[in-house]
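Engineer: Starting from the known structure of chain A, arrange chains B and C on it as the hints suggest.
Chains as they are written, first to last, in the numbering used here: chain A, 43 to 515; chain B, 43 to 515; chain C, 43 to 515.
Hints were generated in silico from the structure; no laboratory data involved. Since the model is a prediction, treat every value here as computed from it, not as a measurement. Heads up, some of the hints might be wrong.
For chains that are exact copies, the list does not tell them apart, and a pair is met inside one copy or across any two.
As the list claims (entries may be wrong) - Straight-line Cα separation of at most 30 Å, DSSO-like style, residue types lysine-lysine; simulated pairs:
{"#": "1", "residue 1": "Lys489", "residue 2": "Lys259"}
{"#": "2", "residue 1": "Lys45", "residue 2": "Lys489"}
{"#": "3", "residue 1": "Lys489", "residue 2": "Lys174"}
{"#": "4", "residue 1": "Lys391", "residue 2": "Lys371"}
{"#": "5", "residue 1": "Lys510", "residue 2": "Lys45"}
{"#": "6", "residue 1": "Lys259", "residue 2": "Lys127"}
{"#": "7", "residue 1": "Lys489", "residue 2": "Lys60"}
{"#": "8", "residue 1": "Lys259", "residue 2": "Lys319"}
{"#": "9", "residue 1": "Lys191", "residue 2": "Lys371"}
{"#": "10", "residue 1": "Lys391", "residue 2": "Lys127"}
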Amino acid sequence: MAKELTLAPDRCFEGDPKRKEIATYLHTQIRNLPLICPHGHVDPRVLADPDYSFGTPSDLFIVPDHYLFRMLYSQGVSLEALGVKNRNQPEQTERNSRRIWQTFADNYYLFRGTPSRLWLDQELYEIFGVRKKLNSLTAQSIYDQIAEKLAAPQFRPRALFDQFNIEVLATTDAATDTLEQHRAIQASGWRGRIIPTFRPDGIINLDAPDWRANIDKLSEVSGIEASNYNAFISAIEQRRTFFQQMGATATDHAARTPYTATLDTIDASLIYQRALKGDLSPADTERFTAHMLMEMARMSCDDGLVMQLHVGSSRNHNDVIFDHFGADKGADIPLQTEFTRNLRPMLNKFGNDRRFALLLFTLDETTYGRELAPLAGHYPAVKLGPPWWFFDSVNGMARFFDLVMETAGIYNTAGFNDDTRAFCSIPARHDVWRRACANWLAGMVVKGLVDVDDAEAMMIELAYGLAKRAYRL
Amino acid sequence: MAKELTLAPDRCFEGDPKRKEIATYLHTQIRNLPLICPHGHVDPRVLADPDYSFGTPSDLFIVPDHYLFRMLYSQGVSLEALGVKNRNQPEQTERNSRRIWQTFADNYYLFRGTPSRLWLDQELYEIFGVRKKLNSLTAQSIYDQIAEKLAAPQFRPRALFDQFNIEVLATTDAATDTLEQHRAIQASGWRGRIIPTFRPDGIINLDAPDWRANIDKLSEVSGIEASNYNAFISAIEQRRTFFQQMGATATDHAARTPYTATLDTIDASLIYQRALKGDLSPADTERFTAHMLMEMARMSCDDGLVMQLHVGSSRNHNDVIFDHFGADKGADIPLQTEFTRNLRPMLNKFGNDRRFALLLFTLDETTYGRELAPLAGHYPAVKLGPPWWFFDSVNGMARFFDLVMETAGIYNTAGFNDDTRAFCSIPARHDVWRRACANWLAGMVVKGLVDVDDAEAMMIELAYGLAKRAYRL
Amino acid sequence: MAKELTLAPDRCFEGDPKRKEIATYLHTQIRNLPLICPHGHVDPRVLADPDYSFGTPSDLFIVPDHYLFRMLYSQGVSLEALGVKNRNQPEQTERNSRRIWQTFADNYYLFRGTPSRLWLDQELYEIFGVRKKLNSLTAQSIYDQIAEKLAAPQFRPRALFDQFNIEVLATTDAATDTLEQHRAIQASGWRGRIIPTFRPDGIINLDAPDWRANIDKLSEVSGIEASNYNAFISAIEQRRTFFQQMGATATDHAARTPYTATLDTIDASLIYQRALKGDLSPADTERFTAHMLMEMARMSCDDGLVMQLHVGSSRNHNDVIFDHFGADKGADIPLQTEFTRNLRPMLNKFGNDRRFALLLFTLDETTYGRELAPLAGHYPAVKLGPPWWFFDSVNGMARFFDLVMETAGIYNTAGFNDDTRAFCSIPARHDVWRRACANWLAGMVVKGLVDVDDAEAMMIELAYGLAKRAYRL
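Isolated chain A (complex conformation):
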């Protein structure tokens, strides 16, 4: 077994030497462009504290990353053994960081051919200088090597932020968040541009776990007592203004479906009252979310915040995992999704409004060519976000290009965002996207579908310009 870890300079590029050469040329043109990170889940705390440390290699890589531990869990490794806290039996959670790392390394072969492996190998190689493949035998020496680096000042998050050449990084924050961390970052005089994103799921989805508490929080932070529907709307508007003042350019919304519909104010008020009394039907919840998505679009027309819609996940599919470990533990499974009918009310009302920008994300790739590209290729307001979650991968990107671009054109897409909570994976994720773009464009050049000049212009847009404009940065 070869033990050396290498990164092929032409990785992600397909076989024909001529095509590889063109892809390499295109990639070289843009590889030093700054990273635009307009959507993600990095904890702002990481950048608020100038001395923040990532902890041990296991703390950094494994414990918080559901992409990684779900795969090991699927093969019979317990989450406890990976350091994920079982809230009912916390004492069963492995605390020895080296032992967690060893378990991970023992099973690292499971990731062969997956994007996790691609990202992780690149992080190990480029950020931490690792030159051996991670496996049972090399586990502890690689652990030492990473641990040593993490102790050094160049591995503080702000230093890495600069090294990664990030131009702007957006976090995702509850609508009720007071953005203390963002305030601290701004007050610190540090020049990194970290902006919040307004995510109101916890207050507009009436079945959100702590909805009632969130409403109290909303009243408190907005200074508007959200005791009736009108006040609730006012409080949301107030929070949007606050987020915008703190630098936000976008909102983000998660929903099971993209169903949109307008309620009249009386209906909306009645449902809101029932929600406050804890007396809701599932139909109430569904209709209210559909209505509030319309309201969010209306507000976006007014304040100019770009609206992101991430739909189609059946969250917490595995009750056992949810009961013991909580949300975001790799047990969210995609659902069939329908956009053409569901989005029609919203698009009829706001889709022709030049002030409105709606960025769509899906976990159902069958909608790429059938629904999303035709919608984006017609409505001025609609643009398509990059492949999301399970599809943020070499093949997932290739399918996205294949299915979307002929109908929508690249200019109705929103470039890349890494959508990650793993700060150190950001450069690798952007690099995979940029390489996948270069590979796709090179394929078109070789097929005589675009010339090199056009491919180069498209490459710059895909790597940098589209995201910046789509998010109004």
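Structural biologist: Chains B and C only, in chain A's frame:
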């Protein structure tokens, strides 16, 4: 920026030199075969008048082509600026053809990587002799060049028809059409074969915009007063016979879904009576269409007209656009489609009948491998039309070959049709299909899945034979 | 026309010489590994009788193979002409084996580019030494050649079993089968490992054609009078034990949908009683199957039999064919399928149980990336079977790798099974899989996504290890 417009001789062919060489060989074998155009939307008026002129370059290329103006609209260009008539405010419509052309050229970069660009560049290059890339700077000189050509006698449609080497061209005509233009063509002594296609949507879909007026028209042109269901059926049969006498070999049907079901005559009569009185439920409409598709299949068994079924478009998705500009303005969005259950009644009744030929078209590519190929690979009556509308593209064709051919074989497909109203785009569209076929076949040769002899035989069928036989031409 | 039949040594491998070289290397590494055949439909009679003869070339190749005759039927050849027995008019069935073969050869061109052609050419070439392409002219001489071989002792099934290097072959057997043939094989002293698979569709699907008779049979063979629900469950458990004693390691279940739900015992008992009285509603049937799938999962936890679930076929779509020729005549058409919601009850109850193994098969490829890979990449119990039926093909496999592996990883898949009743096609089918794997892995090596060492380890798993472990062999 390179300013020269070039057409790579090996365009659409993929990278490996050996594969490209085989593709080039296959393409060369068939490139001079005549074009079979068995389904499209060219206005027969264009060919009825021997002196017909296409007007200005903008009249020819932009104003009538919803593929083009929907893309510019999606990026914020108004339809009025592109010369599309706003029926509520006609005075806002740009009438200066040069200004329209300039706007189009300014935004031509939006089409990078799209089939529209591929077709248009080929038309500009091969038909109009353009050698510069269209952009803001070259717009007016290219306008001049096209305008000059259009004034010449070689650019009359009939001359182009011959130059394009079209063997037969089918138009699509309302069931109530008297086919005056076709009569004029036939009477003129010109030898071009232009045939009508019988499209009864306006009379069998009870919710068609002018249904009542269409029924009056039907009574008038057929000489059969369609005041009851039986007379309605007789009138349709009369029209089919007339179309067939005028050269038609096929019918064409658009429906939101492929739902088929037989009503008994009493039910059908009652619904028809309610329709005449304007007293319909949506369920009536749906059931009647399902029933009439069965009737159309029955008539096809009797008269031998090939039945085309185009399903799955949500027409006029954008109310604003429909209200101001009408239908076919780029605002039709595909829907999920189901064939296995929906077509079962029709196929059980007529699918084993050797007299019946049913050609299926879809906007939902997920049905290619799952439903359509298995149906075509079993029922004698069923054949699959080529990739349609959004999928009439290099990648769309590649996916069609990939998903359909292993199960259906090429002999259960219907070759190519261009489905276009843009007369000058016909050669480019057929050429893209032929190149995509050559590329696909070359890929199989390189993979050792077919030998060159078989590939050559398949190439001829795909380019010419399949369409001719499927449409009984 | 070239008349020679050749098999390219690098068939199924894609074009770039470097990629082909790597694929060839990987294929060479594993080409002599034994075949694991854990799921199929070979009649055990074939191997129970040491002197079993396959009959004529038409008996062997054509009459029993619905992949072949459905294609000819779709092009207007009657099933009778291919020797398929019309049970209403048996006298119309062609009995002349040479004439059947000639008809087949005359139409063999229809299979160009299909997996049937790939398998058959390889069988003809490698097993029967044919060196000419099958067509109208060569039909009879090839018939002679095959017939001569079939008469020789080396062409007895047991001799071929050894020559094919099959390590284990599982048949599929009704739950009520007494496994006489398996007993005979075991008693014969022959060392070939032939094991049964427990398939209870005929007793758990209450609308199965001979359900009542099957229950009587169940009572008889189990010695437990299945006159009530509890006894029915006990009888099933008894049969599972018997199958396991006879070597079975797996069960197999066919269902239209993967809907699972638990009934309480009273409901289950009442439905069972209604079924015995022939007084069922469709809802009863659906709920009972959903419940029995849960019961089967429970039993699998207890006895360790691997549970296979094949879903999504609309059986006997064509009534005419069913009435005249019966089931399995090429008229089964896939349906849209939904796993995320449907399997949730079963996976919540048993999906975390390490004793449980659930292998999923689909005819709806849209579920590969959206539902199946995420489920397999999370639940310890779930693994994915290889591409099934219409998708057991070069392109079908490529799509499977593309859509599944990045999310599930190869280790959550179950390797290959041939699922065939055509014994002589087994080596060709496994070879296509192995080549498709080698081609896929070589593509990843060329793209720098895995190194050659990892690719080699993955190749061995895909060709041999995964199937063996997934089926607990």
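Engineer: Hints first: check each against the structure and report whether it holds.
Structural biologist: Going through the hints against the structure:
In this assembly of identical chains, Lys489 and Lys259 lie within 30 Å of each other by CA distance neither inside one copy nor across copies; the values are 57 Å within and 50 Å between. In this homomeric assembly, Lys45 and Lys489 come within 30 Å of each other (Cα to Cα) only across copies, at 19 Å, whereas the closest approach inside a single copy is 38 Å. Taking CA atoms no more than 30 Å apart as the test, Lys489 paired with Lys174 passes between copies only; the shortest distance there is 20 Å, against 38 Å inside one copy. Within a single copy, Lys391 and Lys371 get their C-alpha atoms only as close as 37 Å, which misses the 30 Å cut-off; across copies the closest is 18 Å, which meets it.
Taking CA atoms no more than 30 Å apart as the test, Lys510 paired with Lys45 passes between copies only; the shortest distance there is 28 Å, against 41 Å inside one copy. In this assembly of identical chains, the alpha carbons of Lys259 and Lys127 lie at most 30 Å apart only when taken from the same copy (27 Å versus 52 Å across copies). For a Cα distance limit of 30 Å, the shortest separation of Lys489 from Lys60 qualifies both inside one copy, at 11 Å, and across copies, at 14 Å. In this assembly of identical chains, Lys259 and Lys319 lie within 30 Å of each other by CA distance solely inside one copy; the values are 17 Å within and 59 Å between copies.
In the homo-oligomer, the alpha carbons of Lys191 and Lys371 lie at most 30 Å apart inside one protomer (28 Å), although the nearest pairing across protomers, at 59 Å, exceeds that limit. Taking the shortest alpha-carbon separations for Lys391 and Lys127, only the inter-copy value of 22 Å comes in at or below 30 Å, while the best intra-copy value is 46 Å.
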